[in-house]
Every structure is written in structure tokens, then in C-alpha cells.
Amino acid sequence: AQSVTQLDSQVPVFEEAPVELRCNYSSSVSVYLFWYVQYPNQGLQLLLKYLSGSTLVKGINGFEAEFNKSQTSFHLRKPSVHISDTAEYFCAGFSGGYNKLIFGAGTRLAVHP
Amino acid sequence: EAQVTQNPRYLITVTGKKLTVTCSQNMNHEYMSWYRQDPGLGLRQIYYSMNVEVTDKGDVPEGYKVSRKEKRNFPLILESPSPNQTSLYFCASSSSLPLRGTEAFFGQGTRLTVV
Numbered sequence: 001a002q003s004v005t006q007l008d009s010q011v012p013v014f015e016e017a018p019v020e021l022r023c024n025y026s027s028s029v030s031v032y033l034f035w036y037v038q039y040p041n042q043g044l045q046l047l048l049k050y051l052s053g054s055t056l057v058k059g060i061n062g063f064e065a066e067f068n069k070s071q072t073s074f075h076l077r078k079p080s081v082h083i084s085d086t087a088e089y090f091c092a093g094f095s096g097g098y099n100k101l102i103f104g105a106g107t108r109l110a111v112h113p
Numbered sequence: 114e115a116q117v118t119q120n121p122r123y124l125i126t127v128t129g130k131k132l133t134v135t136c137s138q139n140m141n142h143e144y145m146s147w148y149r150q151d152p153g154l155g156l157r158q159i160y161y162s163m164n165v166e167v168t169d170k171g172d173v174p175e176g177y178k179v180s181r182k183e184k185r186n187f188p189l190i191l192e193s194p195s196p197n198q199t200s201l202y203f204c205a206s207s208s209s210l211p212l213r214g215t216e217a218f219f220g221q222g223t224r225l226t227v228v
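Just so you know, the sequences run in chain order A and B.
Numbering-wise (my numbering), the first sequence opens with residue 1 and increments by one.
Numbering-wise (my numbering), the second sequence opens with residue 114 and increments by one.
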């Protein structure tokens, strides 16, 4: 089955602490992988994407993600979070056979002062 | 400004009353799609369109219709809404299939409640 799994539904963290949001994908999902962020009452915005090449991908707002083929993972990290990073984060992969993005269930990041 | 515009943002309706949610993009994108977002389920694709007059079903098409008569518009039609269609809906567009790694641009969302 094609799937993208986000291992944590909620991640609470204090401001300026590091954070990792975990994402695993099934081998039937292509290795075109994306992280999107959804701020309250807004649509989704692309944070970063992996298509090929370097396994460490840098995105906007200081986020980065590492593609790990052997572990079929694409975890999102930030070394020091801000209150403004409070949002829901979605991992997604492209399903070539079905012409669509497959989204994970989302991880709600709550940054506390 | 490049954007995807959905209307309305919020809608409360009664069971069985036909409604249309509009979506328009100003980026000349070929690929457009509709998703619904439900807690714990992420986003699931309802329908997509690869170009004018070309549409196809996504994961959860039952109870929905779409049309693509013009490149910029991709309305979502609920002929007879039911309470299980209460959800947050997003329209998205991209210049080509996500296969090519192109970014999908999302609208602000439409929160639909069917009572």
C-alpha cells in the first residue's frame, strides 16, 4: 500500500529548543518527498522538497530534512524553534501511478514560551 | 500576486441543498486538484484535473463533481450534500504533475458544515 506515516500527531516544545518531526514513507511511494506547513486558518505552504541529489535538504524558515533511503524516512528538523513555528506540518510523497500527492496525517507543533 | 482563490471561506448548509465551491488560479497552471482535510486523516484527494476538460477521480470522489471548462477555474460541486461531507476543503494547483517536483500552491481553504 502506498502510504506516508507521520509518527507523532502532536509535538510540544519550548521556544529555542530543537525539534524533529518524523515521517516514514512506504517503498511504493516515489522518492519525491515534500514537507508542507499549515499556519492557523491558512492554506498549505511548501517548506522543502527532495527530488534527488544531496540527502540533506534545506527549506524556508530554518527548517531542514534528511532523506534516508534505507530507513524510508524523511524527518524534518529545526535546531531552534520560535513561537511563530506553531503550526501543523504535513509530510507528502508523490504517487506516480495515481498522479497525486499522498499526505501524512499531520503533526501539530506547539511551541511554548 | 500568484495565488489560488477559493470561495466561500466558510459555509453552513443543510442536507440536500446543492452547493458549489469555486477555485481560481492566476498562474496559468495545468494541474489542479481538490482535497478534503479531516482530523487524523491528513489531506485526501477528491478529484484532479491535468488540463481543460480532463478530470479524474482521486481517493474520495463519492458525492462530488468537478468541471474544468477554463484553465484557471476548477469548481467543486456537491449535488446533494450530506453531514459526512462536513470538512475543510482545499484547492491546489501546480504547473505540472507533482512528478516533476513542482510545488503545489494551495488556496486558503473552505470550511463546510452540513447540518
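For the record, the hints were derived by calculation from the structure and aren't laboratory data.
Just so it is clear, CB atoms sit at the ideal spot from N, CA and C, and this is done for glycine as well.
Certain hints may be false.
Said to hold, decoys possible - Here are some chain A residues the structure puts well away from chain B; computed CB gaps all over 12 Å:
| # | residue |
| --- | --- |
| 1 | Glu20 |
| 2 | Ser27 |
| 3 | Gln45 |
| 4 | Asn68 |
| 5 | His75 |
| 6 | Ser84 |
| 7 | Glu88 |
| 8 | Ser95 |
| 9 | Arg108 |
| 10 | Pro113 |
Said to hold, decoys possible - Reference listing, derived: stretches of chain B covered by chain A, where coverage requires no fewer than 3 residues with Cβ under 8 Å from a Cβ of chain A:
| # | segment |
| --- | --- |
| 11 | 151–157 |
| 12 | 181–193 |
For each hint, the structure was consulted:
1. Glu20: holds, 19 Å
2. Ser27: Consistent with the label, A:Ser27 stays out of reach of chain B, its closest Cβ about 17 Å off (over 12 Å).
3. Gln45: violated, 7 Å
4. Asn68: holds, 19 Å
5. His75: holds, 17 Å
6. Ser84: Given a closest Cβ separation of 19 Å, the condition holds.
7. Glu88: For A:Glu88, whose nearest Cβ neighbour in chain B is about 9 Å away, the distance does not exceed 12 Å, so it is violated.
8. Ser95: At about 9 Å from chain B, A:Ser95 fails to clear the 12 Å cut-off, so the statement is violated.
9. Arg108: It is violated; A:Arg108 is separated from chain B by about 10 Å at its closest Cβ, not greater than 12 Å.
10. Pro113: holds, 26 Å
11. 151–157: holds (count 5)
12. 181–193: Violated - the segment 181–193 of chain B has 0 residues with a Cβ nearer than 8 Å to chain A, which falls short of three.
Checked against the numbered hints given earlier, this structure breaks hints 3, 7, 8, 9 and 12; the rest are met.
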